[in-house]
Amino acid sequence: MSKESYTSKEIDQLALMASEGELNVEQTEQLHDMIMNYPKARRRIARCFYLQSYFKDELETLELDSVQPVRINQMVWLAAAAVILVGLFVVWFTWPDADQDANKVVNRISDNEEKGVAVIHRHVGVVWGSETTLQESNRVLGVPLKPCLLEIKEGVLQIDFYHGATVLLEGPAKFEVVNAWQGRLIHGKISAEVLSPALGFEILSDGFRVVDLGTSFAIKVDRDGTGEVHVFDGEVEIWRPNVKKQMLLKQGESVSIQDNTIVVGKAQPQAFTRSESLDRNVELKIAKANEMRKQLTEDEGVVLYYSFSTAGEWVRYVENEAKHGAKDTDGAVVGCHSTQGRWPGTQALGFDSSSDRVRLNIPDEFKDVSMMVWVKIYTVLGDSVALLNPETEQDRFVHWNVIYSNTNKTKQLHFSDTDRSEGLIKGRAHYHCFTNVRKQLGESKWAHLALVYDSKAREVRHYVNGEMIGVNEIKNVRPMQVGIADLGNWPQKEWAKGTEFEIRNLIGAMCEFLLAKRVFTEFEIKKIYEAGKP
Amino acid sequence: MSDRGELYSTLLVKNRHRIYGFIYSLVHNHHASEDLFQEVSTILWKKFDHFEEGTDFAVWAMSVARFCILNWRRKQSRVALPLEDEALMKLVDEAVLVSCEYDDLRMHLRDCYKKIPDKIMSILRARYHREDKVPVIAKRHKKSVRSIYLLLERGHSLLLDCVEQKMGRSV
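Order-wise, the sequence lines are chains A and B. Counting along the first sequence from 1, when you hit position 222 you're at 221 in numbering that gives the first Met the number 0, and nothing is skipped either side. Counting along the second sequence from 1, when you hit position 38 you're at 37 in numbering that gives the first Met the number 0, and nothing is skipped either side.
Since the hints were made in silico from the structure, they are not lab data. Among the hints, a few may not be true.
[To be verified] Calculated lysine-lysine pairs in the BS3-like style (CA-CA distance at most 30 angstroms, straight line):
| id | chain 1 | residue 1 | chain 2 | residue 2 |
| --- | --- | --- | --- | --- |
| 1 | A | 55 | A | 287 |
| 2 | B | 45 | A | 8 |
| 3 | A | 293 | A | 444 |
| 4 | A | 145 | B | 138 |
| 5 | A | 249 | B | 114 |
| 6 | B | 89 | A | 532 |
| 7 | A | 152 | A | 444 |
| 8 | A | 293 | A | 532 |
| 9 | A | 55 | B | 113 |
| 10 | B | 74 | B | 113 |
| 11 | B | 114 | A | 55 |
| 12 | A | 284 | A | 516 |
| 13 | A | 496 | A | 293 |
| 14 | B | 138 | A | 243 |
| 15 | A | 284 | A | 526 |
| 16 | A | 496 | A | 408 |
| 17 | A | 532 | A | 444 |
| 18 | A | 243 | B | 114 |
| 19 | A | 366 | A | 326 |
| 20 | A | 322 | A | 366 |
| 21 | A | 173 | B | 141 |
| 22 | B | 138 | A | 244 |
| 23 | A | 145 | B | 114 |
| 24 | A | 173 | A | 244 |
| 25 | A | 284 | A | 438 |
| 26 | A | 8 | B | 132 |
| 27 | A | 287 | A | 326 |
| 28 | B | 89 | B | 165 |
| 29 | B | 89 | B | 45 |
| 30 | A | 516 | A | 287 |
| 31 | A | 39 | B | 165 |
| 32 | A | 39 | A | 55 |
| 33 | B | 165 | A | 152 |
| 34 | A | 8 | B | 113 |
| 35 | B | 138 | A | 8 |
| 36 | B | 141 | A | 145 |
| 37 | A | 39 | B | 89 |
| 38 | B | 132 | A | 244 |
Quantities reported herein were computed from a predicted structural model and do not represent experimental measurements.
Extracted from the complex, chain A is given alone in its bound form (with noise of 0.2 angstroms):
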């Protein structure tokens, strides 16, 4: 019955159960084939071997990390002696108690815990809910997680426990993590891909326990108790209370849960969002946002796209590059810091200090203007958020803010152009928008953002996710110019000191703002956001 070769695993899987005894006829014939034949093999055996003394006389040692052969080797020097001068006298040395061993174990355990037990290592589109005990600051990728109930109402949330398990969470789904080894689900679809490390990693359920051996699996339970398991590779346990034998599942098998009762069937793998296919969705995601970048930046109409990808802690501007565009319309990061885009793996900035701001100078003049921005909002200070704001020293000006009102809980859209000669204001114009956006601009979550002022039309019109939602009429039309200004903050005004006007600083993230001299129509910047909503 010779074969090829022997894999690692095969030869650890035999090893250890010819070392427990346990090696039926079968096994008992390969492990002589391992032996008389492969010396590699034969070696590893030898060495699993010596590994299981190693622990029985060492493992306290190991653990403390602090030689101690002094006390061995006093032990050893009075067997010798014993069996020299006494005689055969049977002497065997004491081990330490098997609780204090526990205790330290506990301890070391306990110091890792206290640091957490998982971390969120990719969120698409996600929407959290009220129930989430994870503070609004912490849902960032890479902050550690302590034991926390997650809620999402929409979207998908990748975990990665400490000891090795992936588990995707697809909204709308309400998750606990017990611990690095454990989760619950309580209602909602998970996807789990256990490396080998995390074997016996556990997901906890009302109706069931799933313990993995080993796998990929996903589990879907209903907010009546209902609950399913997927395997799509390896095999998972089942254990349910008061069923005292655990139920045995393997690959391509599925089973319902309801109450007493169980179906077997085939696992549905399309009916789950995977790592891989959450990879593949992202990658589409983001050639589609690229493919419509490329076609922004090269429309003869707009004169400045920042897409913010450029800048980084050592580079100190934003590259304009919409092909159209003037010289010298780079922007200047002042403060600011690169933080995650729309997707994993793509940039955007990030604002949250008073001094944050890009500052840019367009200084031509436009009959008509059309500005879009992807934006996120962590918290609002004042009661005003700066989009775009002027440096007020100029004959003309147009300033574009999200405005709050702390009273209502409302944001609402407002933009306003300036005429101004010899320091005096001949002209302003206020777009205010009432339309209540708080929900589109709440949670932390990125929106498009549109403006277009059409002179033709005589009209501003402002979008949020491509829909349009007010328009305001033009009464007086002028030219329009940006000329010196900041996204996302305003330039220092010394009179505003004080006054409820000095605060009105981005505290989020913003990506891909553009100008153009040209009216977008609403099907145009419908496909715009369609092509970049994360």
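The hints should help you fit chain B onto chain A, whose structure is shown.
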């Protein structure tokens, strides 16, 4: 203690892990391994005049231990390694070779064990240090016997892969 007695004790202390590991590798029972170690120690002392100073004491001890082990196996109704003599002797020879790399193995294990997840480590500890039986561990951890075997196997694999990598070999 005579000079000869002191030398014997020193050598036994120095080589204790290698000799015990060799015995355990072929017996897989700590109580039996302890008894055999004592038996071998006694024989070694009796025959110590035949030991040539400067040669490998552990290898000499293992040549004695091999006969004690074979003798012990003959008396057992059931043994952990149900191998025929030919395969057993091959394994015995291999165990002697592994005992010669024991110091390296031990040194590498000190690094490698840190890679073992806590949960697997606790199972390894229960099985090999506290010598709990697998069904007992399964009950305590509320897992199946099968999953405990898988965790033990995984622990072995992680350690052996790491050791082999450090020793510059792989299967």
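Hints versus structure:
A distance of roughly 59 angstroms separates the Cα atoms of residue 55 of chain A and residue 287 of chain A; the hinted pair therefore is violated under the 30 angstroms criterion. This hinted pair does not check out: residue 45 of chain B and residue 8 of chain A have alpha carbons roughly 44 angstroms apart, beyond 30 angstroms. As the CA atoms of residue 293 of chain A and residue 444 of chain A are separated by approximately 24 angstroms, the hinted pair is consistent with the 30 angstroms bound. A distance of roughly 28 angstroms separates the Cα atoms of residue 145 of chain A and residue 138 of chain B; the hinted pair therefore holds under the 30 angstroms criterion.
For a cut-off of 30 angstroms, the pair hint linking residue 249 of chain A to residue 114 of chain B stands: about 29 angstroms separates their Cα positions. Proximity of residue 89 of chain B to residue 532 of chain A is assessed by CA-CA distance (about 66 angstroms); at most 30 angstroms being required, the pair is judged violated. Distance hint between residue 152 of chain A and residue 444 of chain A is fulfilled; the C-alpha atoms sit about 13 angstroms from each other, no more than 30 angstroms. Between residue 293 of chain A and residue 532 of chain A, the direct Cα distance comes to roughly 16 angstroms. Compliance with the 30 angstroms bound is thereby established for this hinted pair.
A threshold of 30 angstroms between alpha carbons decides the hint, and for residue 55 of chain A with residue 113 of chain B the separation of about 17 angstroms falls inside it, so the pair holds. Pair hint residue 74 of chain B plus residue 113 of chain B does not hold up; C-alpha atoms about 40 angstroms apart against a cutoff of 30 angstroms. For the proposed pair residue 114 of chain B and residue 55 of chain A, the alpha carbon gap of about 19 angstroms is at most 30 angstroms, so the pair holds. With a C-alpha separation of about 28 angstroms, the suggested pair residue 284 of chain A and residue 516 of chain A falls inside the 30 angstroms cut-off, and the hint holds.
Under the criterion of a C-alpha separation no larger than 30 angstroms, the hint pairing residue 496 of chain A with residue 293 of chain A is inconsistent with the structure, at around 42 angstroms. The suggested pairing of residue 138 of chain B with residue 243 of chain A holds, with an alpha-carbon distance near 11 angstroms, which does not exceed 30 angstroms. In summary, the hint linking residue 284 of chain A to residue 526 of chain A is supported, as the alpha carbons are separated by about 14 angstroms, within the 30 angstroms threshold. For a cut-off of 30 angstroms, the pair hint linking residue 496 of chain A to residue 408 of chain A stands: about 25 angstroms separates their Cα positions.
Between residue 532 of chain A and residue 444 of chain A the alpha-carbon distance is near 11 angstroms, which keeps this suggested pair within the 30 angstroms criterion. Proposed proximity of residue 243 of chain A and residue 114 of chain B is contradicted: the alpha carbons are some 34 angstroms apart, above 30 angstroms. Using a Cα cut-off of 30 angstroms, the hinted pair residue 366 of chain A and residue 326 of chain A holds, with the two alpha carbons roughly 20 angstroms apart. For the proposed pair residue 322 of chain A and residue 366 of chain A, the alpha carbon gap of about 20 angstroms is at most 30 angstroms, so the pair holds.
Between residue 173 of chain A and residue 141 of chain B, the direct Cα distance comes to roughly 25 angstroms. Compliance with the 30 angstroms bound is thereby established for this hinted pair. With a C-alpha separation of about 12 angstroms, the suggested pairing of residue 138 of chain B with residue 244 of chain A holds against the 30 angstroms cut-off. Distance check on the hinted pair: residue 145 of chain A and residue 114 of chain B sit about 22 angstroms apart at the alpha-carbon level, within 30 angstroms; holds. In summary, the hint linking residue 173 of chain A to residue 244 of chain A is supported, as the alpha carbons are separated by about 28 angstroms, within the 30 angstroms threshold.
Distance hint between residue 284 of chain A and residue 438 of chain A is fulfilled; the C-alpha atoms sit about 23 angstroms from each other, no more than 30 angstroms. For the hint linking residue 8 of chain A to residue 132 of chain B, the alpha-carbon distance of about 22 angstroms falls within 30 angstroms, and the restraint holds. Distance restraint check for residue 287 of chain A and residue 326 of chain A: the Cα-Cα separation of roughly 28 angstroms lies within the 30 angstroms cut-off, and the hinted pair is therefore satisfied. Our distance criterion of 30 angstroms between C-alpha atoms is met by residue 89 of chain B and residue 165 of chain B, whose separation comes to about 25 angstroms.
For the suggested pair residue 89 of chain B and residue 45 of chain B, the alpha carbons sit about 28 angstroms apart, so the restraint of at most 30 angstroms is met. About 24 angstroms separates the Cα atoms of residue 516 of chain A and residue 287 of chain A, which keeps this hinted pair within 30 angstroms; it holds. A threshold of 30 angstroms between alpha carbons decides the hint, and for residue 39 of chain A with residue 165 of chain B the separation of about 15 angstroms falls inside it, so the pair holds. The suggested pairing of residue 39 of chain A with residue 55 of chain A holds, with an alpha-carbon distance near 25 angstroms, which does not exceed 30 angstroms.
With a CA separation close to 48 angstroms, the supplied pair residue 165 of chain B and residue 152 of chain A exceeds the 30 angstroms bound. Between the alpha carbons of residue 8 of chain A and residue 113 of chain B the distance comes to roughly 21 angstroms, so the proposed pair stays at or under 30 angstroms and holds. Of the supplied pair hints, the one linking residue 138 of chain B and residue 8 of chain A holds, its CA atoms being roughly 25 angstroms apart against a limit of 30 angstroms. The suggested pairing of residue 141 of chain B with residue 145 of chain A holds, with an alpha-carbon distance near 24 angstroms, which does not exceed 30 angstroms.
Between residue 39 of chain A and residue 89 of chain B the alpha-carbon distance is near 12 angstroms, which keeps this suggested pair within the 30 angstroms criterion. For the hint linking residue 132 of chain B to residue 244 of chain A, the alpha-carbon distance of about 19 angstroms falls within 30 angstroms, and the restraint holds.
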